[in-house]
Amino acid sequence: MNQNSEIQDTIVGRDRIHVVMFFLSMLFMVLGIAILVWIVKIQLTYKVDDRVIDLFRPTVQKHIEAPVRGRILATDGRPLAISAPLYDLYMDCTVRKQEYIQTGKDSLERAWQEKARELAACLSAEFHDKSAADYAKAILDGRARGSKYLRLQKNLDLATLQRVKTFPLFREGPYTGGIIVEEHEERIYPYDSLARRVIGYVKEQNRIGLESSFDSELHGREGYEWRRVTDNKRWVRDLDSAQVKVQDGNDIRTTINVDFQDIADKALRAQINANEDIRAGICIIMEAKTGAIRAMVNLSRGNTPQTVLWERENLALREVGEQGSVMKTVTLLSLVEDGYVKSLDQTIPTNNGFVPNYKQDVHILDYQRETGRRDISVMHGFEISSNYVFTYLAEQHYGKQPQELFDHIYSYRLGEAFDFDITGLGRPVVNRPGTASWSKTTLGTTAYGYGLSVTPLHVATFYNGIANKGRMMKPYLVESIEKDGKVIRKFEPTALNSSICSPATADTVTRALRAVVEHGTATRLKGAKLPVCGKTGTAQVVLQPSERGGSTDPYHDAMGRKKNQGTFVGFFPSDNPKYTILVTVYSYLSGKSFYGGTMPALAIRDIVDKLYALDGEWDPEIKASAQVPVMEKTMEWEKRVVPDVKGCGLKDALYAIESAGLNCQYEGMGHVTAQSPAAGNKCDLGETVKITLK
Amino acid sequence: MSVFSAWTSFRNTMRSLRNGEFLLRIRADKYYVHIMYLFLLMWVTILLSLQVDKTLTRVGDNEIALKTLRIHHAEKEAALVKLKSASAAEIRLRELGSPATLPDEPATIIKSR
Numbered sequence: 001m002n003q004n005s006e007i008q009d010t011i012v013g014r015d016r017i018h019v020v021m022f023f024l025s026m027l028f029m030v031l032g033i034a035i036l037v038w039i040v041k042i043q044l045t046y047k048v049d050d051r052v053i054d055l056f057r058p059t060v061q062k063h064i065e066a067p068v069r070g071r072i073l074a075t076d077g078r079p080l081a082i083s084a085p086l087y088d089l090y091m092d093c094t095v096r097k098q099e100y101i102q103t104g105k106d107s108l109e110r111a112w113q114e115k116a117r118e119l120a121a122c123l124s125a126e127f128h129d130k131s132a133a134d135y136a137k138a139i140l141d142g143r144a145r146g147s148k149y150l151r152l153q154k155n156l157d158l159a160t161l162q163r164v165k166t167f168p169l170f171r172e173g174p175y176t177g178g179i180i181v182e183e184h185e186e187r188i189y190p191y192d193s194l195a196r197r198v199i200g201y202v203k204e205q206n207r208i209g210l211e212s213s214f215d216s217e218l219h220g221r222e223g224y225e226w227r228r229v230t231d232n233k234r235w236v237r238d239l240d241s242a243q244v245k246v247q248d249g250n251d252i253r254t255t256i257n258v259d260f261q262d263i264a265d266k267a268l269r270a271q272i273n274a275n276e277d278i279r280a281g282i283c284i285i286m287e288a289k290t291g292a293i294r295a296m297v298n299l300s301r302g303n304t305p306q307t308v309l310w311e312r313e314n315l316a317l318r319e320v321g322e323q324g325s326v327m328k329t330v331t332l333l334s335l336v337e338d339g340y341v342k343s344l345d346q347t348i349p350t351n352n353g354f355v356p357n358y359k360q361d362v363h364i365l366d367y368q369r370e371t372g373r374r375d376i377s378v379m380h381g382f383e384i385s386s387n388y389v390f391t392y393l394a395e396q397h398y399g400k401q402p403q404e405l406f407d408h409i410y411s412y413r414l415g416e417a418f419d420f421d422i423t424g425l426g427r428p429v430v431n432r433p434g435t436a437s438w439s440k441t442t443l444g445t446t447a448y449g450y451g452l453s454v455t456p457l458h459v460a461t462f463y464n465g466i467a468n469k470g471r472m473m474k475p476y477l478v479e480s481i482e483k484d485g486k487v488i489r490k491f492e493p494t495a496l497n498s499s500i501c502s503p504a505t506a507d508t509v510t511r512a513l514r515a516v517v518e519h520g521t522a523t524r525l526k527g528a529k530l531p532v533c534g535k536t537g538t539a540q541v542v543l544q545p546s547e548r549g550g551s552t553d554p555y556h557d558a559m560g561r562k563k564n565q566g567t568f569v570g571f572f573p574s575d576n577p578k579y580t581i582l583v584t585v586y587s588y589l590s591g592k593s594f595y596g597g598t599m600p601a602l603a604i605r606d607i608v609d610k611l612y613a614l615d616g617e618w619d620p621e622i623k624a625s626a627q628v629p630v631m632e633k634t635m636e637w638e639k640r641v642v643p644d645v646k647g648c649g650l651k652d653a654l655y656a657i658e659s660a661g662l663n664c665q666y667e668g669m670g671h672v673t674a675q676s677p678a679a680g681n682k683c684d685l686g687e688t689v690k691i692t693l694k
Numbered sequence: 001m002s003v004f005s006a007w008t009s010f011r012n013t014m015r016s017l018r019n020g021e022f023l024l025r026i027r028a029d030k031y032y033v034h035i036m037y038l039f040l041l042m043w044v045t046i047l048l049s050l051q052v053d054k055t056l057t058r059v060g061d062n063e064i065a066l067k068t069l070r071i072h073h074a075e076k077e078a079a080l081v082k083l084k085s086a087s088a089a090e091i092r093l094r095e096l097g098s099p100a101t102l103p104d105e106p107a108t109i110i111k112s113r
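So the protein lines, in turn, are chains A and B. Be aware that the first sequence starts at 1, since it is given in this note's numbering, and climbs by one per residue. Be aware that the second sequence starts at 1, since it is given in this note's numbering, and climbs by one per residue.
Hints may be right or wrong, so weigh each one.
[Stated by the list, open to error] Simulated crosslink set (DSSO-like; lysine-lysine; CA at most 30 Å straight-line): (1) A:K623 <-> B:K111; (2) A:K490 <-> B:K76; (3) A:K233 <-> B:K67; (4) A:K245 <-> B:K67; (5) A:K483 <-> B:K84; (6) A:K266 <-> B:K82; (7) B:K84 <-> A:K203.
[Stated by the list, open to error] Derived CB-CB ranges, DEER-like: (8) B:L48 <-> A:K483: 28 to 38 Å; (9) B:L83 <-> A:P305: 30 to 40 Å; (10) A:V19 <-> B:N19: 28 to 38 Å; (11) B:M36 <-> A:L31: 39 to 49 Å.
Calculated directly from the structure, the hints in this document are not laboratory data. For glycine and all other residues, C-beta sits at the position ideal for the given N, C-alpha and C.
Next comes chain A alone, as it looks inside the complex (with noise of 0.2 Å):
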């Protein structure tokens, strides 16, 4: 029986195990399907609440952080160029409007409209653009009509927009004053249009002069870190993620002199202005010794007269054309080096001012008029500049070997676009023996100065070589790469021709450069404050076909006008030259001729006179005529006479001493044996007395 009820007992378990097994078996199907019929649903149904992809999106962001551009600053420490964010000021008038007329809330909207007029008021005392009716007008016409990007003013800077965060409506933050500011970094060129073409810009696609030439210094690099969001919904930075910090561009210190630049932009805008007939001028001051740019101006005024003069182009680089007369002193040099000049007093017949295949020289008939002779020295016809005595002096001695005088040419680097700070340098056409441009002529015209087109700086760079006695540096704009105040490196001088001549050359043309300034074409120059030697030159420029209006001759239109480029190139003081300065001023088409030796002599002039007060190099010495007079002692001081303490005790013997106004300094016990000084001698105040005590 009992097993029977056991096996009954087992078998009623075990289907209670099967039981309770079926319907777990159960459950996990039905919540299988429930599950599945779940995946389908959100596939096909479920919209994610925002709050939900809250929870799912990373608490790290990537932020970029862009590198501050590096300065570009004057030869003593001046920002030419520095960045600060400027920031544009928007409005989202519809703020909070919804909510208040939701809740049915309008004397909160009211509110809201009477803190807008008032910062509308406040708008208008800060920017004086529009009244605070208008300011008022446009916001609540913006609030009407749901504008959510109101643009009030562009381009503040910190200060401003400080003040304006402080105005009624803005100080209540986003949310509730609409405030919007939107930065972004700003280069800001604090002498405006001084210098402008030498330190140029980066807009963009479009990027010229040193700001473009050393953009990869000045840019630095952008870095970047993660962030992420603290407790405190502040956002950090996140320590557990990679990091590049961001490297600010390096400060380029260049080698120019904002006085320099100020003086020679202010004299060169007086004689423009002066003349409406002149279209564009330029001046490059050049140190002598080291070829380092301390000035670079290039004004011009656009299309017509009218327009401002500005820093439009950079001609001192990119104008290449023919220099006029100025160029004959690159024959002086070559003949005198090469010996065929032996003297400037040295003497050519006159012939009329003929040269075989060559324009008579009208100048010369002058000559022979008014002196009677029938020879011209070298010296004066460099003075007067005349195109007869070059070309004479060309044929004579270059006419078999043309080729020797170009040689010159080309050491003088005049026929090549050396390197330069910044981009661009014109590349000068010489018109070589053996070309197709090579004509009778050519050899004669190039003698003064037609024939080869060179930019200004290749001019000043020459002139810079005969006034640093043969040895020719290469113009530089860049001193140095800077990094916080810290050099981290220095472009030093470097000659592009170490001997162009002998020094005794270069002291024989700067003897007749010195002369023209005297008694030639640029008497202008004479007395000024420091003595400057020099060439000018006057050159008519080659026409485009377009301004010829249907004329043959390149250099003249229809109407018989003509462009003209007047120049002025040499350096000062004449006897030590410190500077190589070239001024060059050029016309729109006229009928009137304009000269090297007057409007840009007398830029120069200005230039110089001022230069000579504001350099330090010139101020004069006075040695002081008398001695200054050595300090001495005009009071005595009173002697003190030394007591006799012998045989006293030590207290009595230190009230006698201290008493006497003198300090003692004893050794041992009881009575006073010895004493120095002795008792008589006179001693000064609070002189040490020493006593013996045995």
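Please build the complex by placing chain B on the supplied structure of chain A, with the hints as guidance.
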């Protein structure tokens, strides 16, 4: 393990929880020090994490302050430099009606023998 013994264990656990004997029943007293140490570590970790957040927040604020100062400095420098040019000084002197102009002669240097 049978369902019954699992149920028994669950029931005993519930009873010990009700009677406040659970930790003693699982002999947690043996690991009391370790548990306290774990709590300490967790507390220190949380505290340090909060301090790091606080410091980083301050670093961020200081960076903003430094940037603001840098911008101020750049703007002031530009404004001052503009006034420093000879032309600007001349114009300002003229506006103020001053007879002073740029010097015509260089300064004289006095040197003692």
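Which hints from the list above does the structure break, by number from lowest to highest? none
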